[in-house]
Amino acid sequence: MLSMTATLSSHPSQQEPDDIERIFNNLVQLVIQETRSESSTLKIATHPAYQQIIGLGQPAIPLLLRELERKSGRWFWALKAISRIDPVEPSDRGKTRKMIDAWMQWGIEAGYKW
Amino acid sequence: MVGNDAWNSYARENLEKQFPKLTPSSYALTSPDTIDYNCVAWAAESDEEWWWPDPMEQEYWPDGIPREETLSAFIAAFRTIGYESCDSSALKPEIQKIAIYADAQGIPRHIARQLPDGQWTSKIGQCEDIQHQILDVLTGSAPAYGKVVQIMQKPIN
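As they're listed, the protein sequences go chains A and B. Oh and the first sequence: position 63 is 63 in the working numbering, straight run, nothing missing. One gets the working numbering by counting positions in the second sequence from 1 and adding 1000 to each.
This is chain B alone, in the form it adopts within the complex:
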């Protein structure tokens, strides 16, 4: 458990309000809230950066990849660290997967990363990290993250 009971209750209430499919038994809080990193960085296994293709050029984005909120730019960004597109989110030995969520306009909203046991880890914006059993719990209309539009995978080193 992260934090004390009061903090846990507050964090959970906030998360479950924003993500109606997130039921108490479907996830666990795994970090305190922080602005140090976001979901994209966390999917790329960094907890010290905020990845985003912002036009103000404040945030980290891989060199040479368009600074635009498009699925193709996000796919290209993760190709720079060894990921390739694939069709299935099912757990495979020695393979690490990520799932990109996008809204109805196709704008990327979130990325989750698969853990070795098949569960998923997500950094929720400026809030906490959570571990969730299935991808579907973060889907839905805003402020939820839309739907999963792309799975990518890379061999585990």
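Chain A extracted, bound-state conformation:
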């Protein structure tokens, strides 16, 4: 059974960057622990902790790019949901390494550092 305990204490815009990163890291660990045997991208992305990562908004983008580079999970949905951008060519859908490359390139061009 999933445990869905992580919550944000207040609105992200009222928090310091270190708080965002700490909250983000905790949420990432929850997603990884509780969805590791899932193949369903829908189930992974609708996990409450994953939804809270999306709720962190733009400050989460460089942190998500960092996680993607580490290949810690499937963070493509969150990046697309927050940025409203999809740099992955339709012909590369599902091709994990090419998807990561496309998001890394997009992050660099958009000026993110991670």
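Computed list of lysine-lysine pairs in DSBU-like fashion (alpha-carbon distance at most 30 Å, straight line): (1) K43/A to K1147/B; (2) K98/A to K80/A; (3) K43/A to K71/A; (4) K1021/B to K1092/B; (5) K43/A to K1017/B; (6) K1021/B to K1147/B; (7) K1147/B to K1092/B; (8) K1154/B to K1021/B; (9) K80/A to K43/A; (10) K1021/B to K43/A; (11) K71/A to K1017/B; (12) K1154/B to K1092/B.
Everything labelled a hint here was simulated from the structure, so no lab data went into it.
Chain A is fixed; fit chain B onto it per the hints.
This is chain B only, laid out in the frame that chain A set:
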């Protein structure tokens, strides 16, 4: 054996926690963990893609097949690569089989592929590949994969 003893112990402990029917002698770890591919891709013999009919259209799904988590969509997806539905998971010469698992609501959760010796290979989500003797070891309530609801087969090329 894949990886060192510490990694093996960690991976096995994690798997056996999630799949209570998976006993130490009933399976073998056959790959490191990776997010490069999932069970559906692995059943389709790809280790470079993640197949899923996600509505965000992030993952690979065969063209023209509904992007929905239904058994009919999964059957249609495997028809595009030559599989047809059949009734038995028993090993047959020159035939390759897959087994689709679904939860109590009929939503597909997992696919295993039969190996030439009659055992099965499964990619466990974002974790490792395992080789298991019988399909039943991955059945049960979540996080296990429910029950086997469909077998499909195709001739081995």
